[in-house]
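Once you've looked at the hints, dock chain B against the given chain A.
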Amino acid sequence: MYHQFKQLANLDITTTPMDVGPTTHYVMGGIRVNADTQESTVPGLFAAGECAAGINGANRLGGNSLSDLIVFGKRAGEHAAIFAKENGHGTLDNAAIEQTAKAALEPFDRDGGENPYTIQHDLQEMMQANVGIVRQHDEMVEALNGLDALKSRAARTFVPGNIDFNPGWHTALDLHNLLIVSEAIARAAIERKESRGGHFRDDFPGKDPEFAKFNYSLKKSADGGMEISKIPIPEMPDYLKEVIDEMG
Amino acid sequence: MAKATFSIRRGGRETAEMVNYQTEISEGMVVLDAVHQIQAESAPDLACRWNCKAGKCGSCSAEINGMPKLMCMTRLDTIPLDQPVTIEPIRAFPPVKDLIADVSWNYEVKKRIKKFKPREPDAEDGTWRMLQEDVDRVQEFRKCIECFLCQDVCHVLRDHDKHEEFIGPRFLVYAAALEMHPLDTEDRTGDLKDMHGIGYCNITKCCTKVCPEHITITDNAIIPLKERVVDEYYDPLKKLVNLFRKRKQER
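From first to last, the protein sequence lines are chains A and B. Quick note: the first sequence uses our numbering, first residue 13, plus one each step. Quick note: the second sequence uses our numbering, first residue 564, plus one each step.
The shape of chain A in the complex, shown without the other chains (with noise of 0.2 Å):
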């Protein structure tokens, strides 16, 4: 860090202040996985790492994301491994296949369209006004309707080109994702009245021991649209309890 300043900011940040800001370093949130398998709710599909809710709780801590992408990779790739060999391969539905590589070379040949860039620059701003490091109710109702305007723009994207390392097309294709995570980000932030760890909100300053309780968890609804349920949280098991009571 020490060479970084000195080599971009000419700054010696060992005798000058730097400035220090918050920013989005992390998802704490993610695909919903079995916590000894690593498999979603989706059979044979399983996920690890950031991309995975699971052990960072409230906020993650330095450190802590690799040895989760090591230890639950480890896990995922074995019970990947154990499903595939007792499911052999699955039937693959070839007429979704070829909606889906249609649907995702329609950007190039949308004239007229727009720059996919443009529309992520745009969610970006809106979620860090909206959605960012202080909450509040209103904002992130705002958010919603913004991110309804966003998605209706994201249909309509034009890339030139070919498939052949293209950034552009990747990032058109990256916004569908982005829209989705976005939108379970601000309604599980805007159900959780209280703050806690990462997420803080101006109008419920203070820790809630209720929503301690349970996990929100998010799912496409049967009208396309998104629900929203709770999940109890285990009770701890006794082995886990000892340890936590021995490290005081």
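No lab work stands behind these hints: they were computed from the structure. One thing to keep in mind: the hints can contain errors.
[What the hints assert, rightly or not] Facing chain A, a subset of chain B residues (Cβ under 10 Å, in silico): (1) Glu604; (2) Ala606; (3) Pro607; (4) Ala617; (5) Gly621; (6) Arg638; (7) Ile642; (8) Thr649; (9) Glu651; (10) Glu687.
Every value quoted in this text rests on a predicted model; they were computed, and no experiment measured them. We put the beta carbon where it would ideally sit given N, CA and C, even for glycine.
Same frame as chain A, but now just chain B:
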């Protein structure tokens, strides 16, 4: 603030051209920031490899105004902006698209270098003891981020295309780290002489000059390895003794 012009290589494996792009320059920007801005504003399909933006992943190697550099660590206020800034992929390797070169040759070369072979643990607790001095010697080599800028600038690879016969400065550093490791028992001297082509290096020190991690490649890695090769294969005294022995045997 002012705008600057960047002349960037556009094209694929076979053909390419330099295309000019203008973008707004602000304080503290590096070349990679400008490339990202150009991607977002006017060339969404401009391909470049990058990751950490902190000079530690070694992905964004390129030739900026002809000099091999990391784009993320090259500040715009260190280059003249009154004329177009040229950005090209590293030339010692085949281009793939725009600023991306295919560096996979390097990973193949690495596999050919004999692996670390530690001696049996010899301390009472079943581990080893090393002198700090011996550890310090190889520490420098471990700073390498495999950006391959040293490979790019090396004329043996870049101009003479000796990829088949010479492993390049990066892997001489890698070999040095293994050879000088206090626990290693492997001997790579024969390989260095024959298969790795260390003799091709004529110590022009270009690799040392471009290393973003400031590894003293030539002086601390390559020259000591050359000395080992010379010691073993080209020592005149040894040669004389061997010649003498050989004659004795023939008698």
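Violated hints, by number in ascending order, as checked against the structure: 5, 7, 8, 9 and 10
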